[in-house]
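Just so you know, the protein sequences line up as chains A and B, in that order.
The numbering of the first sequence is numbering that gives the first Met the number 0, which starts it at 0 and goes up by one.
The numbering of the second sequence is numbering that gives the first Met the number 0, which starts it at 0 and goes up by one.
Be aware that one or more of the hints could be misleading.
As the list claims (entries may be wrong) - Once the Cα atoms are required to be at most 25 Å apart in a straight line, the calculated DMTMM-like pairs of lysine to aspartate or glutamate come out as:
| hint | chain 1 | residue 1 | chain 2 | residue 2 |
| --- | --- | --- | --- | --- |
| 1 | B | Lys268 | A | Glu146 |
| 2 | A | Lys65 | B | Glu178 |
| 3 | B | Lys268 | A | Glu93 |
| 4 | A | Lys211 | A | Glu93 |
| 5 | A | Lys241 | A | Asp228 |
| 6 | B | Lys268 | A | Asp145 |
| 7 | A | Lys126 | A | Asp178 |
| 8 | A | Lys211 | A | Glu88 |
| 9 | A | Lys118 | B | Glu178 |
| 10 | A | Lys69 | B | Glu260 |
| 11 | A | Lys197 | A | Asp237 |
| 12 | A | Lys126 | B | Asp59 |
Said to hold, decoys possible - Partial chain A-side listing against chain B, Cβ under 8 Å, derived:
| hint | residue |
| --- | --- |
| 13 | Val53 |
| 14 | Thr56 |
| 15 | Gly104 |
| 16 | Leu106 |
| 17 | Asp120 |
| 18 | Leu167 |
| 19 | Val207 |
| 20 | Arg240 |
Said to hold, decoys possible - One-sided excerpt, in silico: chain B residues whose CB lies under 10 Å from chain A:
| hint | residue |
| --- | --- |
| 21 | Asn173 |
| 22 | Ile177 |
| 23 | Gln265 |
| 24 | Ile266 |
| 25 | Arg269 |
Since the hints were made in silico from the structure, they are not lab data.
Note that the structure is a prediction, hence the values are computed from the model and not measured.
Every residue gets a Cβ at the ideal spot worked out from N, C-alpha and C, and that includes glycine.
Each chain is listed here by its residues.
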Amino acid sequence: MSTLSIKHLVKEYVPGKPVLKDISLDIEGRGITAIIGPSGTGKSTLIRCINRLVDPTSGEILFEGKDLAKLSGQPLREARRRIGMVFQEYNLVERLTVMENVLSGRLGYVSAWTAWRRKFDDADIQKAFALLQRVGLADFANRRADELSGGQRQRVGIARAVMQSPGLLLADEPTSSLDPKTSVEIMELMRDLAAENKIPVMINIHQVELGKRYAERIVGMSGGLVVYDGAPDGLDGDVLRKIYGGEDWLAT
Amino acid sequence: MSVDPLSATAELQRWVRFTPAQRLARTAVFFVVVAAIAWALKTIEIIPEFLYDAPEQVVDMGKRMWPIDWGHFWPVVWPALIETLHIAAMATILGLLMGIPVGFLAARNATPVVWLNAIARFVLVATRSISTLIWALFFVAMFGPGPLAGALAIAFHSIGFIGKMFSEGVEEANRGSIEALQAAGATRMQQILMGYWPQVIPTFWSIALFRWDINVRESAVLGLVGAGGIGMALNAAIDLIQWERVALILFTIFIVVILIETIVTQIRKRVI
Numbered sequence: 000m001s002t003l004s005i006k007h008l009v010k011e012y013v014p015g016k017p018v019l020k021d022i023s024l025d026i027e028g029r030g031i032t033a034i035i036g037p038s039g040t041g042k043s044t045l046i047r048c049i050n051r052l053v054d055p056t057s058g059e060i061l062f063e064g065k066d067l068a069k070l071s072g073q074p075l076r077e078a079r080r081r082i083g084m085v086f087q088e089y090n091l092v093e094r095l096t097v098m099e100n101v102l103s104g105r106l107g108y109v110s111a112w113t114a115w116r117r118k119f120d121d122a123d124i125q126k127a128f129a130l131l132q133r134v135g136l137a138d139f140a141n142r143r144a145d146e147l148s149g150g151q152r153q154r155v156g157i158a159r160a161v162m163q164s165p166g167l168l169l170a171d172e173p174t175s176s177l178d179p180k181t182s183v184e185i186m187e188l189m190r191d192l193a194a195e196n197k198i199p200v201m202i203n204i205h206q207v208e209l210g211k212r213y214a215e216r217i218v219g220m221s222g223g224l225v226v227y228d229g230a231p232d233g234l235d236g237d238v239l240r241k242i243y244g245g246e247d248w249l250a251t
Numbered sequence: 000m001s002v003d004p005l006s007a008t009a010e011l012q013r014w015v016r017f018t019p020a021q022r023l024a025r026t027a028v029f030f031v032v033v034a035a036i037a038w039a040l041k042t043i044e045i046i047p048e049f050l051y052d053a054p055e056q057v058v059d060m061g062k063r064m065w066p067i068d069w070g071h072f073w074p075v076v077w078p079a080l081i082e083t084l085h086i087a088a089m090a091t092i093l094g095l096l097m098g099i100p101v102g103f104l105a106a107r108n109a110t111p112v113v114w115l116n117a118i119a120r121f122v123l124v125a126t127r128s129i130s131t132l133i134w135a136l137f138f139v140a141m142f143g144p145g146p147l148a149g150a151l152a153i154a155f156h157s158i159g160f161i162g163k164m165f166s167e168g169v170e171e172a173n174r175g176s177i178e179a180l181q182a183a184g185a186t187r188m189q190q191i192l193m194g195y196w197p198q199v200i201p202t203f204w205s206i207a208l209f210r211w212d213i214n215v216r217e218s219a220v221l222g223l224v225g226a227g228g229i230g231m232a233l234n235a236a237i238d239l240i241q242w243e244r245v246a247l248i249l250f251t252i253f254i255v256v257i258l259i260e261t262i263v264t265q266i267r268k269r270v271i
């Protein structure tokens with residue numbers, strides 16, 4: 000059985016104008032699935048529907064035996080804590096330290112009072128230190144997040160997401176605000192951490208080459224529909240034209 | 000080709016600053032303002048005799064205030080001043096304790112519940128629109144005259160100011176950070192404590208200092224209605240026609256206000 004199973008997902012921000020038109024996708028147990036497509040085609044909406052930062056209009060999102068589309072309140076929060084998310088703008092709480100940001104990944108597991116007093120379990124704190132070590136920020140635990148560079152912040156964002164002990168990792172344009180070298184490092188980090196934790200990753204990405212290099216599967220979206228779903232090798236000129244439209248940009 | 004605006008063939012284009020309707024409205028506003036001034040002058044009943052000898056009265060009062068009664072400072076004014084500062088500090092702390100939660104409830108992003116926002120906003124407007132003196136009369140009646148009534152009066156009047164400024168700060172918080180906590184399964188309370196609060200700490204200190212500054216001035220006046228502090232000493236001196244002492248108290252308040260203004264400015268510069 001697949002980890003995540005999306006069935007006939009539709010999202011209309013304005014009634015009668017669907018952004019997502021009947022999306023069905025199965026995400027299997029491992030590896031990176033890259034979602035590519037032009038801006039405004041609903042990639043971000045798709046990712047956000049999965050953890051319900053956006054409420055879908057209709058369809059099913061099956062994850063760990065529950066239909067996420069129908070959850071609310073406590074069951075929704077419990078489902079969310081099993082889904083890590085990495086953001087384009089990192090979305091750290093900038094005035095908190097790196098450690099506090101990483102520990103925020105445990106919010107779904109502890110009470111507000113515990114979080115406020117920063118009384119996290121020893122196990123959580125050990126895990127946070129190990130993760131910081133893993134993402135190469137061991138010396139930064141007590142630095143404030145706003146002192147970090149973009150690449151470092153994204154590493155904290157990834158550590159926070161993995162801290163949740165997720166069964167699925169979502170990433171919404173995680174490299175779009177980063178330089179090419181840092182982008183590669185971030186992609187490698189996500190791929191390796193996903194492999195180490197044996198969880199699948201869904202990544203929205205604008206850089207097609209980066210997607211091809213790290214993903215095992217590419218989903219091409221256009222106009223709110225999946226128009227390509229297959230191996231990175233299959234992404235030839237025809238497919239790219241189908242996804243992005245036009246001709247000229249493919250020349251040379 | 001040059002354009003000759005006055006050439007015979009070109010019809011003169013007219014430009015007017017206001018449309019006729021706008022001109023009519025402006026004229027109407029003018030007459031309303033004049034009428035309001037005339038009405039107000041009639042109502043406040045200026046008595047010419049008093050107006051004419053006002054300069055003499057000012058000189059007379061100045062003479063009676065001099066020499067300033069410095070001896071009055073340590074026995075009476077100093078303790079009253081300390082009481083005033085304590086009233087201001089207590090009032091600011093109480094005002095923050097009450098105003099910050101209401102501010103969170105009033106902020107539409109932190110509390111996306113329309114009716115809660117409406118209630119919180121009503122509380123903010125209501126507490127602010129009742130002046131400190133009215134609150135003081137109310138609390139003096141309730142708890143008797145003294146510093147407690149004064150501190151509560153200022154605290155309640157502060158809620159509106161603190162809550163309003165704070166809710167605006169909360170509404171400017173970065174949404175992305177909150178979204179990330181939400182995605183991790185955080186409750187609304189956790190989002191407030193771990194997401195909004197760290198982001199609005201500078202706003203909080205700025206409001207606290209500013210309000211303390213205002214509250215010191217407010218508490219200086221409050222004694223007039225029997226709510227403790229230096230205002231009570233001022234009231235007593237005026238009632239006993241001891242103008243040398245009135246001068247001393249006014250001078251003290253003036254110095255304290257300047258001192259506090261300076262302190263607050265320095266702290267703001269360094270901390271925020």
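Against the structure, test the hints numbered earlier, and report the numbers of the ones violated in rising order.
4, 7, 10, 11, 12, 13, 14, 17, 18, 19, 20, 23, 24 and 25
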